[in-house]
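A.B. asks: When we follow the numbering used here, the leftmost residue of the sequence shown carries the number 9, and every step to the right adds one.
Take every hint as true, because none was put in to throw you off.
Here are the simulated DSSO-like pairs of lysine-lysine, each with C-alpha atoms no more than 27 Å apart in a straight line:
1. 53 with 98
2. 98 with 61
3. 98 with 25
4. 98 with 45
5. 25 with 61
6. 67 with 53
7. 25 with 53
8. 67 with 25
9. 98 with 67
Here are the in silico distance ranges between beta carbons for each label pair:
10. 39 with 116: 20 to 28 Å
11. 105 with 47: 14 to 22 Å
12. 79 with 122: 34 to 42 Å
13. 20 with 57: 17 to 25 Å
14. 124 with 84: 26 to 34 Å
15. 35 with 123: 24 to 32 Å
Derived from the structure by calculation, the hints contain no laboratory data.
Nothing here was measured: the structure is a model prediction, and the numbers come from that model.
Note that beta-carbon positions come from the ideal geometry of N, C-alpha and C, so glycine has one too.
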Amino acid sequence: MNVQNETIRVRRFQQEKPIDRAGRPTTVTAVIENTGKDDVELQPKLFLPPGVKRRSPGKDPAVSLASRAETTVIWQIEAAEAGTYELLLKIDRGSEVVATASLSMPFLPAIGALEPQYIPEPQPVKTPIL
9 MNVQNETIRV
19 RRFQQEKPID
29 RAGRPTTVTA
39 VIENTGKDDV
49 ELQPKLFLPP
59 GVKRRSPGKD
69 PAVSLASRAE
79 TTVIWQIEAA
89 EAGTYELLLK
99 IDRGSEVVAT
109 ASLSMPFLPA
119 IGALEPQYIP
129 EPQPVKTPIL
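Produce the entire structure from the sequences given, and follow the hints as far as they go.
C.D. replies: What follows is the structure, given as structure tokens:
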């Protein structure tokens, strides 16, 4: 469920890549927009379910947003196991939650390193020209 304020809203909350795998870092971005006449100080907070950990930044960054402007906030996350996880973003202004957004994010199983197949040694082609 997404909650939007009359002046603060989350325009986009999405994963950066179309396919993500467990055990590999991936990026989630949020575009936050201020349509009001006043500059605002906001605190975006990303809530992760069990099994998903934050890689960077270590804590949620505070955002100063000018009137009629937008900003992009970026997080690196990683899922331990394959599955679909629900991420929740809350935007606070002071003690008030002014906007929320959710993202259902699937992670495919991890793929290990493949053992290379045998590749024969190169052999020059026999030709009468050389």
